[in-house]
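Visitor: Residues per chain are reported as follows:
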Amino acid sequence: MDLTLSPAEEAFRDELRSWLEANNPGREPAGDEAAFEFRKDWQRQLNDAGWAGVSWPKEYGGRGATLVEQAIFNEEVVRARTPSVANVLALAMGGPTVIAHGTEEQRKRFLPPILSADEIWCQGFSEPGAGSDLASLKTRAVRDGDEWVVTGQKVWTTFAHHAKWCMLVARTDPDAPKHKGLTYFLMDMEQDAVQVRPLRQITGESEFNELFMEEARIPHENIVGNEGEGWAVAITTLMHERATLAFGLQVSVQIALRELLETAHETRGLNGGVATEDPVIRQRLAQLMIESEVLRLNAYRGLSAIMRTGVPGPEGSLGKWHWSEVNQSLAELAMEIAGPRAMLSEDSWSYRFLRSRANSIEGGTTEILKNIVAERVLGLPRMR
Amino acid sequence: MNFGFTDDQQAIKRTAREFLDARYPLATVRTLAEDERGFTDEQWAELVELGWPGVIVPEERDGLGLGAVELVVIAEEMGYALAPSPWFSTTCAALLLCAAGSDAQLERWLAPLARGEVRGTVAVWDENSGPAPDHSEVETSADGTLTCVKIAVPDAASADFLVVSGADGRHWVVERSAEGVSIEPEEAIDPTRKLFRVVLSAAPADPLEFAPEAVARAYATIVTLLAAENVGAGQRAMEMAVEYAKDRTQFDRPIGAYQAVSHRCAQMLLEVEGSRSLCYWAGWALAHEPETGPRAASMAKAYAGDAGFRVAASALQVHGGIGFTYEHDLHFFLKRAHANAHAFGDSRWHRDRVADLAGV
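Protein sequences appear in the order of chains W and Y. For the first sequence, the numbering used here begins at 1 and goes up steadily by one. For the second sequence, the numbering used here begins at 385 and goes up steadily by one.
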């Protein structure tokens, strides 16, 4: 057991840190369009310096770094409070899926513009009638010569209004069992048959969209993996989502907790003292420190298990579920510390408080994650 | 960066699991739970054979010279087996001696302890102690005697010496057979660890050196061991619950197919794995990153203290009525996890310490 970085890992971190210090463009401007352009510029800057596809193979424009180095990268960018990158879904999920399941032509065609942010990606999985039961999705794709014709509706498609490509899972064989009849496509968003409508969420903004397809066209060569094997390909995408985001998420919790501590030191608590002198608040702050440490340690344990055995350990399935609980408790505590100001929608805490309600739903509901743990890790019988 | 055990540590874990599986089946645990002493000389001799009393003792004092990670590995397996044994109390005494023993004390007590010739324990709590483990009411005299009442002292009757804590981090070695030492068994909730009331009436006492930082590190290791026991006990209770949920049928299906049950089991895994990560980290930090050690230890103790009990309680709920019977073995794990949560500072005390150390 050695929880320190090796000299090579330390050198990687130091190089990255000084690069981030010198190049961090700071806070993004207000307004959706301006902010998105800003994120694109930032991603290009990262890519020019070879920091966009950190663990991607060198032959496709990546850095070829180890998993530990990818984890260090994810931690350091959050720590440095850099802006988000524009093409986050393609970098975290779409690209790795094409690397794992795509043809050589697809890798050459799709990977470079992901890194350069020239082509933004979105994810068309969920549907109004297919949330947790994703495999029951109804969007249909029908073969027409060298093309597929797609009709249906998707929902919760982040960045759809900026996207050139959509990772689309559609039903290509309605007669097959529900997991078997699916195919994974890359759909061009720039066609009239695809309509995007923003969804306003409880925070007031619109991160997500609804997607309507009315006989949209996809060339046959844009299938990733094989026809009818879309479920397995989609699972790869979701595994990447859970594995690689864990590091950034746990660091963002640590940073938020540090900020909450600062706030608590300056806020009045019970009996006229500051909030940090309130024993109940102290207990809850300490519990959050402990839980956020668990998030960090589990992320590293999971990584060590992958490096040793090639597969994530049991703690891998726990990370996203646990993170959503910790992040929600953190935001709830922030509201308690805020006192009557908790009624006002005036700062980043009130935003964080509302936004955190989605954490236990997005990317797999807590209930589905518990099912996965119960069935695949503990071996309990399936309910269905 | 590698969050896994070395080959040697894995070998210790494997040996411990196999040995404890073979020698401490639950029928044996039950027999020892009902026995006043709680272990036999043969059982102790086997642990001595493995070198376990002296895991942390330096090689020049006849120990194995290993570190906190190896202790954590053994403690986790001891918790998993729930093996009744004076190993924990003796290890506590060894840790405090290593921290603050004089040369003469190390020669007199530590080396024989490592060779398995003597056993020790720690006497920490007064009748008036609240949740804080550092509270102490001990009267000292000019001629070097101690007068006090200590409660819930583990394995005191079978120990050869006691390390007794006083105010301000001072400690003394008291021989069990000395004049003025009286020891009475207490009714312990957890019958797999024997607790005693120790009354010292002007008992001769040999002070340890005053080394508050080293002593604080020793206590940090002790609480990490209790946390590790709770990882093992929680793991075992979870395994029992999962097995039962697969076998037990109600309304024509295994109860584990109901989410009210299966999600409970998933929650157990979350808490056991979280406890495990914190314990391994604390063990590593105590051995390799001393500035982080105390914080990590308190985090592990607070989290695993709560989690161990919650997991065992949840496992009892999964078992339904059968889990409430004395005949079922589950309650032993519940009781150990509960007792560990309240020993050497409860979760509340350790969370407060975490807040202190973080400058809250």
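Hints may contain errors.
Label-pair distances were calculated between CB atoms; the ranges are [stated by the list, open to error]: (1) 376(W) <-> 449(Y): 16 to 22 Å; (2) 277(W) <-> 674(Y): 25 to 31 Å; (3) 8(W) <-> 528(Y): 54 to 60 Å.
These aren't lab readings, by the way, just hints derived from the structure by calculation. Everything numeric in this text was worked out from a predicted model, so none of it was measured. Note that beta-carbon positions come from the ideal geometry of N, C-alpha and C, so glycine has one too.
Visitor: State for each hint whether it applies.
Guide: Status of each hint after checking the structure:
1. 376(W) <-> 449(Y): 16 to 22 Å: Taking Cβ atoms as reference, residue 376(W) and residue 449(Y) lie about 42 Å apart, which means the hint is violated.
2. 277(W) <-> 674(Y): 25 to 31 Å: Given range 25 to 31 Å: holds, Cβ gap about 29 Å.
3. 8(W) <-> 528(Y): 54 to 60 Å: Holds, since residue 8(W) and residue 528(Y) (Cβ atoms, about 57 Å apart) stay within the stated range.
Checked against the numbered hints listed earlier, the structure breaks hint 1 alone; every other hint is satisfied.
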